[in-house]
Amino acid sequence: MPKLDSSIPKNMQLKSSVTPATPRTTGARGRWWQGVGTSVMWWCLSLGLFIGIWELVTALGWVNTLILPPPHEFIAEIGNQEQFLAPRIGVERTGGNFVLLTAIVATLKRVVAGLILGFIAAIGVGGLACYFKIFGKLTLPVITLLAPIAPIAWIPFAIMAFGIGDSAAIFVVFIGIFFLLTLATVNAINNVNQLYINTARVLGASRRQVMFKVILPAVIPDLFFILRINFFAAWMAVLAAEMVGVNTGLGAIVMVGRQMFNAKLMFLGMAVIGVVGYLLDVGFRQLQQRVLWWKGSAQI
Amino acid sequence: MSEIVCDRISKIWNPDTNEANLAIDDISFSVEPGEFLVIIGPSGCGKSTLLSMIAGLDTPTSGAIRFRDDVITEPSPHRSMIFQQASLFPWLSVIENVAFGLSLQGLGKRERQQRAKEYLQQVGLLKSANRYPHQLSGGMQQRACIARALCLGTDVLLMDEPFAALDVQTRHQMQKFLLDIWQGTGKTVIFVTHHIDEAVYLADRVLILTANPGRTLAMVPVDMPRPRDMMSKGFDYHRNLFIEHLRSEVVKAFEEQELAEMFDTRIK
Ligand SMILES: Nc1ncnc2c1ncn2[C@@H]1O[C@H](COP(=O)(O)OP(=O)(O)OP(=O)(O)O)[C@@H](O)[C@H]1O
Ligand SMILES: [Mg+2]
Numbered sequence: 001m002p003k004l005d006s007s008i009p010k011n012m013q014l015k016s017s018v019t020p021a022t023p024r025t026t027g028a029r030g031r032w033w034q035g036v037g038t039s040v041m042w043w044c045l046s047l048g049l050f051i052g053i054w055e056l057v058t059a060l061g062w063v064n065t066l067i068l069p070p071p072h073e074f075i076a077e078i079g080n081q082e083q084f085l086a087p088r089i090g091v092e093r094t095g096g097n098f099v100l101l102t103a104i105v106a107t108l109k110r111v112v113a114g115l116i117l118g119f120i121a122a123i124g125v126g127g128l129a130c131y132f133k134i135f136g137k138l139t140l141p142v143i144t145l146l147a148p149i150a151p152i153a154w155i156p157f158a159i160m161a162f163g164i165g166d167s168a169a170i171f172v173v174f175i176g177i178f179f180l181l182t183l184a185t186v187n188a189i190n191n192v193n194q195l196y197i198n199t200a201r202v203l204g205a206s207r208r209q210v211m212f213k214v215i216l217p218a219v220i221p222d223l224f225f226i227l228r229i230n231f232f233a234a235w236m237a238v239l240a241a242e243m244v245g246v247n248t249g250l251g252a253i254v255m256v257g258r259q260m261f262n263a264k265l266m267f268l269g270m271a272v273i274g275v276v277g278y279l280l281d282v283g284f285r286q287l288q289q290r291v292l293w294w295k296g297s298a299q300i
Numbered sequence: 001m002s003e004i005v006c007d008r009i010s011k012i013w014n015p016d017t018n019e020a021n022l023a024i025d026d027i028s029f030s031v032e033p034g035e036f037l038v039i040i041g042p043s044g045c046g047k048s049t050l051l052s053m054i055a056g057l058d059t060p061t062s063g064a065i066r067f068r069d070d071v072i073t074e075p076s077p078h079r080s081m082i083f084q085q086a087s088l089f090p091w092l093s094v095i096e097n098v099a100f101g102l103s104l105q106g107l108g109k110r111e112r113q114q115r116a117k118e119y120l121q122q123v124g125l126l127k128s129a130n131r132y133p134h135q136l137s138g139g140m141q142q143r144a145c146i147a148r149a150l151c152l153g154t155d156v157l158l159m160d161e162p163f164a165a166l167d168v169q170t171r172h173q174m175q176k177f178l179l180d181i182w183q184g185t186g187k188t189v190i191f192v193t194h195h196i197d198e199a200v201y202l203a204d205r206v207l208i209l210t211a212n213p214g215r216t217l218a219m220v221p222v223d224m225p226r227p228r229d230m231m232s233k234g235f236d237y238h239r240n241l242f243i244e245h246l247r248s249e250v251v252k253a254f255e256e257q258e259l260a261e262m263f264d265t266r267i268k
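Chains as they are written, first to last, in the UniProt record's numbering: chain F, 1 to 300; chain U, 1 to 268.
Because the hints were derived from the structure by calculation, they are not lab data. Be a bit skeptical, because a hint or two may be false.
Incomplete in silico selection of chain F near chain U, CB under 10 angstroms [to be verified]:
| hint | residue |
| --- | --- |
| 1 | ASN191 |
| 2 | ASN193 |
| 3 | MET211 |
| 4 | ILE220 |
| 5 | ARG258 |
Among chain U residues calculated to face chain F with C-beta under 7 angstroms, some are [unchecked claim]:
| hint | residue |
| --- | --- |
| 6 | THR59 |
| 7 | THR61 |
| 8 | MET81 |
| 9 | TRP91 |
| 10 | PHE100 |
| 11 | GLY106 |
| 12 | LEU107 |
| 13 | GLY108 |
Even glycine gets a Cβ: it sits at the ideal position worked out from N, Cα and C.
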């Protein structure tokens with residue numbers, strides 16, 4: 001045996017010695033944990049590297065720390081939340097240590113409210129446009145023209161119409177996804193497998209029942225996917241609105257940082273925006289899998 | 001009184017356009033209650049078209065189809081269609097799929113699931129009641145579709161090549177299973193296939209259609225006791241009879257397609 005081995009090139013020897021080990025894995029569960037383990041490791045490495053270089057660059061004095069403060073400094077600002085209130089930006093008074101939390105809640109509230117309203121309204125209007133053909137013919141051309149207007153472009157109008165407050169921000173999110181999602185709804189409805197519709201009709205479904213019991217469940221997963229993709233646009237729109245007019249929330253904190261020439265505050269706000277946005281997307285993905293319970297996880 | 005009567009029906013797809021296509025041309029036949037009629041014909045001869053008109057999903061361009069003397073204008077739970085691809089709703093569990101027709105009639109969850117269970121038992125799927133369609137095999141899915149139709153108390157089962165997507169063994173099991181159901185319930189069945197053995201194995205009578213457009217080529221009774229032995233002389237006789245009938249038609253259909261393709265490529 002050893003003789004044979006030595007005649008095989010080095011790299012192939014390596015492979016053959018690795019392969020027999022793989023079959024005795026610890027089953028699906030173990031493999032899943034392993035997967036989580038490695039991905040957590042890469043996350044930590046990547047983040048560590050990024051922060052490390054940043055800290056190094058500032059420690060060496062290559063950049064002006066007034067403009068680009070090192071991470072440990074601006075993260076420490078969390079303990080110093082009173083300053084978020086400094087120029088009286090209207091953050092609710094909840095005691096010094098919860099100001100940041102209030103800002104997060106304010107932003108989340110706007111995004112979620114806008115998304116839910118937009119989702120429901122888009123499915124409603126899209127459904128009506130397909131159900132009543134005339135209604136569709138009257139509305140869809142206009143919607144098609146309004147859809148490409150970026151959510152951010154609606155901010156000035158929203159502030160003019162609703163003043164500076166929750167409703168302006170919610171409106172921006174709503175309008176940012178409503179048109180696109182309405183078009184997507186119409187498209188998804190037109191693509192529902194005719195087989196399902198025929199099946200339901202043969203089983204005695206009325207037109208309304210086909211709509212609610214077949215078409216709606218068939219399109220919701222698609223629409224949810226599109227909602228998730230458009231979520232980031234809505235998220236950015238709210239932050240932008242908070243910077244330019246709606247004077248509360250995470251966007252406002254960043255803006256206050258700039259106004260006070262406090263880069264630490266600015267970067268803290270940006271970091272929180274990043275983390276919260278990421279967590280929201282993770283939450284969305286979880287929710288999407290719930291909505292898609294009937295598809296094998298491989299298909300998602 | 002006949003269960004289904006097709007009275008000189010024709011179907012033109014996209015009439016009044018330059019894509020007008022005569023799919024069914026002047027077909028008449030009737031089906032008796034409890035009869036097992038099989039329709040065979042070359043691909044594209046209009047079998048599916050015919051069946052979907054009997055289901056009420058489409059209307060004939062001329063002529064009339066009657067169900068117990070009432071002209072068919074729309075689908076009804078009296079006539080249930082089983083499609084080639086299993087058509088269970090993927091977002092519903094198997095039992096809710098079977099109970100779907102009952103839920104349309106507004107039956108409460110407890111009641112309809114109870115009734116669905118009876119039929120799941122009948123098709124041997126009780127154990128899979130709470131699974132989802134993607135967790136079932138193709139044969140199991142088709143059985144669930146049959147249970148769904150039976151659950152509504154349907155009178156006529158319209159089956160459009162329901163076993164075509166199954167492997168040979170499953171297919172034969174499903175044929176036996178269907179005969180059992182049919183003999184046990186006395187439903188009327190109209191069954192489309194282009195599998196000749198399947199036709200001989202199942203049918204009381206076989207309607208053979210011509211290639212494009214579909215016309216009646218022959219209506220042949222299969223007078224053999226069931227269960228039928230595929231090796232028997234009678235079986236062989238019918239098999240050869242149908243092959244002979246179909247050969248000329250298949251050749252014709254094929255030639256037409258080839259001609260059309262040649263024509264297409266020349267234009268390009
Ligand atoms: N919805 C439709 N619109 C237009 N033409 C159609 C439509 N459905 C079928 N046809 C045409 O009608 C003819 C008959 O089609 P049909 O599907 O009924 O054939 P078939 O006998 O079921 O064929 P196969 O054995 O391949 O399933 C074909 O020429 C087809 O192109
Ligand atoms: Mg067909």
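Going down the list of hints, with the structure as the test:
Violation of the interface hint for F/ASN191 is found here, the shortest Cβ-Cβ separation to chain U being roughly 15 angstroms, above the 10 angstroms cut-off. The criterion of a C-beta within 10 angstroms of any C-beta in chain U is met by F/ASN193, whose closest approach is roughly 9 angstroms, and the hint holds. Checking F/MET211 against chain U by beta carbon gives a least distance of about 13 angstroms; that is not within 10 angstroms, so the hint is violated. Contact between F/ILE220 and chain U, as hinted, is supported at the beta carbon level, the nearest pair being about 9 angstroms apart and thus within 10 angstroms.
At a threshold of 10 angstroms, the smallest CB-CB gap from F/ARG258 to chain U is about 49 angstroms, leaving the interface hint violated. The closest approach between the C-beta of U/THR59 and any C-beta of chain F is roughly 13 angstroms, which is over the 7 angstroms cut-off, so the hint fails. Because the beta carbon of U/THR61 sits about 19 angstroms from the nearest beta carbon in chain F, more than 7 angstroms, this interface hint is broken. For the restraint placing U/MET81 at the interface with chain F, the shortest Cβ-Cβ distance is roughly 5 angstroms, inside the 7 angstroms limit, so the hint holds.
Annotation: U/TRP91 was flagged as interfacial toward chain F, and the flag holds, the nearest CB pair being 5 angstroms apart, inside 7 angstroms. For U/PHE100, the shortest C-beta to C-beta distance to chain F is roughly 6 angstroms, which falls under 7 angstroms, so the interface hint holds. Given the 7 angstroms rule on beta carbons, the hint for U/GLY106 is violated: about 10 angstroms separates it from the nearest Cβ of chain F. Restraint check, U/LEU107 versus chain F: the minimum CB separation of about 12 angstroms is more than 7 angstroms; hint violated.
Interface restraint check for U/GLY108: the shortest CB-CB distance to chain F comes to about 16 angstroms, outside 7 angstroms, so the restraint is violated.
This entry does not satisfy hints 1, 3, 5, 6, 7, 11, 12, 13, going by the numbered hints stated previously.
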